[in-house]
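J.: Chains A and B supply the protein sequences, listed in that same order.
Take the numbering used here: the last position of the first sequence gets the number 45, and nothing is skipped along the way.
Take the numbering used here: the last position of the second sequence gets the number 853, and nothing is skipped along the way.
For the record, the hints were derived by calculation from the structure and aren't laboratory data.
Treat the hints with caution; some may be incorrect.
Unchecked claim - Calculated cross-link-like contacts (lysine to aspartate or glutamate; reagent style EDC-like; alpha-carbon spacing at most 20 angstroms):
id	chain 1	residue 1	chain 2	residue 2
1	B	LYS731	B	GLU713
2	B	LYS382	B	GLU358
3	B	LYS181	A	ASP33
4	B	LYS706	B	GLU673
5	B	LYS181	B	GLU168
6	B	LYS181	A	ASP32
From a predicted model like this one, the values you see are computed outputs, not experimental measurements.
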Amino acid sequence: MSVLYIAVPLAVVIAGAFLAGFIWSVRRGQYDDVETPAHRMLDDD
Amino acid sequence: MLTEALAPTREARGEASEQASEACALPVRCAHCGLAVARGLVREGRSEQFCCHGCETAYEVIHRCGLGRYYQMREGSEGAVRSSGRSYAEFDDATFRTLYATRDARGLWRAELYLTGMHCAACVWLVERLPRLLDGVVSARVDLGRSLVVITWDDARTRLSEVARELEAIGYPPSPARDAKARAGRRVEDRRQLVRLAVAGACAGNVMLFSIALYAGAFSAMEQEYRVFFRWASLVLTVVSLAWPGRVFFASAWYAIRTRSAHFDVPIALALAAGAGWAAWTTVLATLGLETTLRGSYFDSVAVLVFALLVGRFLQARQQRQAADSVELLFSLTPGAARRVRGADEEAEERVEEVPVENLVVGDVVEVRPGECFPADGEVEKGQSAVDAAVLTGESRAVEVGVGANVAAGTTNVTSVVRVRVSAAGEATRIAKLMRLVEEGARRRAPIVEFADKVAAYFAGGMLVLAGLTLGVWLFVEPSRALDHAVALLVVTCPCALGLATPLTMTIAMGRAAKRRMLIKGGEAIQRLAGPKQGQAGRNRGTIFLDKTGTITQGGLSLAAWEGAAWAKPLVAALERQSNHPVGVALARDCGPAAAGVVTDVTMRVGGGLSGVIDGRRVVVGSRGFVMEAAGGAAGAMAGAFDAMTRRGLTPVGVVVDGALVAVAGLGDVVREDAAAAVARLKAMGYRVAVLSGDEARVVEAVAAKVGIGASEALGGRSPEQKLAAVEAAKREGLVVMVGDGVNDAAALAAADVGVAVHGGVEASLAAADVYLGRAGLMPLVELVEASGRTMGTIRRNLVISVFYNGVAGALAMLGLVSPLVAALVMPVSSLTAVGVSMRSRTFGNGAEGGGE
Numbered sequence: 001m002s003v004l005y006i007a008v009p010l011a012v013v014i015a016g017a018f019l020a021g022f023i024w025s026v027r028r029g030q031y032d033d034v035e036t037p038a039h040r041m042l043d044d045d
Numbered sequence: 001m002l003t004e005a006l007a008p009t010r011e012a013r014g015e016a017s018e019q020a021s022e023a024c025a026l027p028v029r030c031a032h033c034g035l036a037v038a039r040g041l042v043r044e045g046r047s048e049q050f051c052c053h054g055c056e057t058a059y060e061v062i063h064r065c066g067l068g069r070y071y072q073m074r075e076g077s078e079g080a081v082r083s084s085g086r087s088y089a090e091f092d093d094a095t096f097r098t099l100y101a102t103r104d105a106r107g108l109w110r111a112e113l114y115l116t117g118m119h120c121a122a123c124v125w126l127v128e129r130l131p132r133l134l135d136g137v138v139s140a141r142v143d144l145g146r147s148l149v150v151i152t153w154d155d156a157r158t159r160l161s162e163v164a165r166e167l168e169a170i171g172y173p174p175s176p177a178r179d180a181k182a183r184a185g186r187r188v189e190d191r192r193q194l195v196r197l198a199v200a201g202a203c204a205g206n207v208m209l210f211s212i213a214l215y216a217g218a219f220s221a222m223e224q225e226y227r228v229f230f231r232w233a234s235l236v237l238t239v240v241s242l243a244w245p246g247r248v249f250f251a252s253a254w255y256a257i258r259t260r261s262a263h264f265d266v267p268i269a270l271a272l273a274a275g276a277g278w279a280a281w282t283t284v285l286a287t288l289g290l291e292t293t294l295r296g297s298y299f300d301s302v303a304v305l306v307f308a309l310l311v312g313r314f315l316q317a318r319q320q321r322q323a324a325d326s327v328e329l330l331f332s333l334t335p336g337a338a339r340r341v342r343g344a345d346e347e348a349e350e351r352v353e354e355v356p357v358e359n360l361v362v363g364d365v366v367e368v369r370p371g372e373c374f375p376a377d378g379e380v381e382k383g384q385s386a387v388d389a390a391v392l393t394g395e396s397r398a399v400e401v402g403v404g405a406n407v408a409a410g411t412t413n414v415t416s417v418v419r420v421r422v423s424a425a426g427e428a429t430r431i432a433k434l435m436r437l438v439e440e441g442a443r444r445r446a447p448i449v450e451f452a453d454k455v456a457a458y459f460a461g462g463m464l465v466l467a468g469l470t471l472g473v474w475l476f477v478e479p480s481r482a483l484d485h486a487v488a489l490l491v492v493t494c495p496c497a498l499g500l501a502t503p504l505t506m507t508i509a510m511g512r513a514a515k516r517r518m519l520i521k522g523g524e525a526i527q528r529l530a531g532p533k534q535g536q537a538g539r540n541r542g543t544i545f546l547d548k549t550g551t552i553t554q555g556g557l558s559l560a561a562w563e564g565a566a567w568a569k570p571l572v573a574a575l576e577r578q579s580n581h582p583v584g585v586a587l588a589r590d591c592g593p594a595a596a597g598v599v600t601d602v603t604m605r606v607g608g609g610l611s612g613v614i615d616g617r618r619v620v621v622g623s624r625g626f627v628m629e630a631a632g633g634a635a636g637a638m639a640g641a642f643d644a645m646t647r648r649g650l651t652p653v654g655v656v657v658d659g660a661l662v663a664v665a666g667l668g669d670v671v672r673e674d675a676a677a678a679v680a681r682l683k684a685m686g687y688r689v690a691v692l693s694g695d696e697a698r699v700v701e702a703v704a705a706k707v708g709i710g711a712s713e714a715l716g717g718r719s720p721e722q723k724l725a726a727v728e729a730a731k732r733e734g735l736v737v738m739v740g741d742g743v744n745d746a747a748a749l750a751a752a753d754v755g756v757a758v759h760g761g762v763e764a765s766l767a768a769a770d771v772y773l774g775r776a777g778l779m780p781l782v783e784l785v786e787a788s789g790r791t792m793g794t795i796r797r798n799l800v801i802s803v804f805y806n807g808v809a810g811a812l813a814m815l816g817l818v819s820p821l822v823a824a825l826v827m828p829v830s831s832l833t834a835v836g837v838s839m840r841s842r843t844f845g846n847g848a849e850g851g852g853e
């Protein structure tokens with residue numbers, strides 16, 4: 001069971017990495033406008 | 001496909017504007033985009049015509065996918081792109097720059113512009129191709145939700161006025177985004193909220209996982225060592241959650257305590273602090289081996305509570321943000337530029353320049369073209385035209401103005417170019433004064449504390465007292481468990497069922513309403529519309545004031561009666577296509593298909609009418625005097641028709657063909673089809689329904705009678721100030737709902753308990769109103785009132801469930817019967833129940849019609 005001492009912190013670190021990624025994307029403004037990009041996918045260039 | 005479509009589309013648009021100036025007899029409209037189809041492209045024997053290959057392909061694709069309804073859903077077909085001929089020179093003005101543009105480190109300029117008519121993927125695509133159309137534009141990024149484009153351009157290679165002209169040429173007239181700075185601030189706040197949500201969510205999720213391990217371990221005899229480990233892991237994440245996203249609750253609670261005001265956040269902050277503090281203490285005890293049960297392990301409750309509350313607030317804020325955005329958009333569309341004439345007084349050379357309206361001063365002469373709004377109050381110096389003053393007076397008919405007549409800012413010049421000497425500009429104009437009245441009306445409104453917040457605050461306050469009591473009593477009974485029971489009470493009875501479910505129900509209701517094109521700015525409107533609980537059918541629930549023009553009626557002129565020869569209609573339609581006078585536009589639209597053949601020799605007399613030759617027949621359409629002249633004074637059988645129309649409150653228009661009066665058309669404002677039924681339903685709900693209009697009393701009474709409102713409730717001839725007074729008077733007797741669409745209603749809308757702006761209204765009324773109905777007719781109003789009642793019903797039901805649950809769980813906790821395990825399990829279950837009820841409840845759109853989601 002002592003594997004928990006590695007597994008739990010590791011899980012938290014991985015979760016933290018995803019969280020950091022999300023925060024980074026928010027700060028880059030990727031969630032400012034969630035409507036227009038859906039329409040941009042029709043652009044073929 | 002789109003790339004290929006661009007070129008022909010642009011060509012076609014060019015041709016369209018040429019054709020429009022050519023006075024073509026019968027423009028064929030493209031079935032897809034509504035532009036005129038070039039003559040060479042018209043295909044005989046087909047019902048649909050297309051201006052270009054791209055449109056035809058799009059039309060086929062849309063139909064093949066079974067989406068043909070798109071063409072009916074498309075609102076207010078903008079028609080052909082008509083260049084206004086504006087130079088947009090004011091966009092290059094220094095004042096404009098300091099107000100609306102910024103310069104970045106690379107020396108590039110950046111400005112946000114609102115675009116009208118942007119609503120689909122093709123629009124986004126076209127506008128974002130701007131750098132390719134115009135050298136010097138570095139980028140163009142569209143925000144479709146806000147109808148906004150951010151333009152970055154190099155001033156050395158192009159000017160913003162050129163960009164604006166290009167945008168107008170491709171069909172999107174721009175106007176500066178006047179709220180750019182405020183929006184930048186809100187964007188930062190939006191991002192912060194999202195980050196907080198993410199952190200709280202991640203912490204809550206992980207703490208919950210640890211708790212599952214702990215609880216599962218409790219049954220399968222987990223070793224103490226690992227229990228302590230999981231407790232510490234939970235503690236760390238909970239501290240992160242409280243210190244970062246949870247800080248907002250502590251900050252606002254602290255603020256409330258300092259200002260000695262009751263706020264929902266105070267008990268929340270206390271519960272969070274107590275729960276976390278107690279859990280931390282028991283963790284320390286567990287580490288020292290003094291605590292071997294799961295006592296006091298509240299980390300998951302605390303972390304989930306932070307997350308749940310933030311989600312509720314985020315949803316609510318987003319909803320309000322969207323409403324605010326759309327109002328600001330409409331605000332920005334008011335004219336920002338004026339065409340100032342320099343040197344008009346001296347006989348020297350005249351110069352016309354475009355300047356921002358902020359630069360206008362009293363004494364300036366401005367030129368106003370047909371279709372434009374007057375930028376300031378003033379007196380007509382030169383020219384003769386018709387003015388549509390509906391925004392100010394509510395009067396649907398355009399008024400003829402000549403030299404010396406006064407015109408007001410915000411009203412629309414309809415027929416021809418006039419020059420106006422400015423007598424009041426900016427804040428001094430009548431419309432600005434009205435807008436101030438609106439603001440004052442909005443401020444005067446008593447701040448109401450939201451129903452649930454109030455209950456929750458009382459409730460949570462009561463729980464604090466009870467927790468203190470529990471602590472006190474248990475200190476005598478069993479001191480070692482006293483704090484444990486007190487905290488268990490706080491956690492298990494956490495008002496989060498209220499704190500989350502109430503805003504969630506409101507938000508879901510507002511979201512569903514928005515999908516049905518009803519924009520509700522805040523939960524207050526729903527709450528007030530639902531009225532007091534005892535508002536049973538037949539009881540007096542309050543007064544609903546309806547504006548006449550545009551609310552009960554369709555607003556604007558339309559053909560209401562036709563007396564005489566029906567065969568003249570196509571001729572009238574063909575002739576009146578040449579006119580942009582409101583009467584002409586109405587006739588051209590309502591007289592059915594136009595006669596084929598070229599219209600020649602068109603002459604127009606201001607204040608009289610129009611004459612022309614179609615297929616060799618001389619057709620004259622216009623006022624009584626004008627057509628009598630053409631008919632040689634002989635009215636014949638139609639003599640009585642003019643007076644009959646006037647008696648019915650309609651504007652008579654005579655039709656003379658080859659020198660004989662053949663028909664008289666009656667133009668008026670037509671009552672909406674659903675108005676009578678809607679009024680009847682509102683009355684059945686227990687409302688007193690009255691008409692409040694600026695129009696002539698006689699006309700108002702006639703319209704009121706048609707929809708089943710008695711003459712005593714038809715209040716005509718009211719100025720905006722009198723409307724306000726009427727609303728204030730009725731407010732003393734109960735709830736007042738004001739429904740209107742004009743600036744003349746704005747003050748009354750703001751003063752009423754609930755102001756409802758209707759479809760097609762002007763921006764001022766939208767700003768003042770609590771609710772905007774985006775669908776035509778009065779039935780949406782009925783739906784709004786009914787759905788508000790259902791929404792409040794759901795909220796009350798939630799409160800009852802929550803109070804019942806809390807009463808039972810609280811009593812058990814006070815008796816010391818709630819173990820940490822039960823507290824932690826029951827609390828989220830109660831929240832989920834409340835959330836489930838909110839989601840499934842019948843509010844907007846999924847109630848009356850019986851349809852599901």
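J.: Could you run down the list of hints and mark each one as holding or not?
T.: Here is what the structure says about each hint:
Between LYS731 (chain B) and GLU713 (chain B) the alpha-carbon distance is near 16 angstroms, which keeps this suggested pair within the 20 angstroms criterion. Taking the CA atoms of LYS382 (chain B) and GLU358 (chain B), the gap is about 23 angstroms. The hint is violated against a cut of 20 angstroms. Our distance criterion of 20 angstroms between C-alpha atoms is met by LYS181 (chain B) and ASP33 (chain A), whose separation comes to about 17 angstroms. Between the alpha carbons of LYS706 (chain B) and GLU673 (chain B) the distance comes to roughly 11 angstroms, so the proposed pair stays at or under 20 angstroms and holds.
Between LYS181 (chain B) and GLU168 (chain B) the alpha-carbon distance is near 25 angstroms, which puts this suggested pair outside the 20 angstroms criterion. As the CA atoms of LYS181 (chain B) and ASP32 (chain A) are separated by approximately 15 angstroms, the hinted pair is consistent with the 20 angstroms bound.
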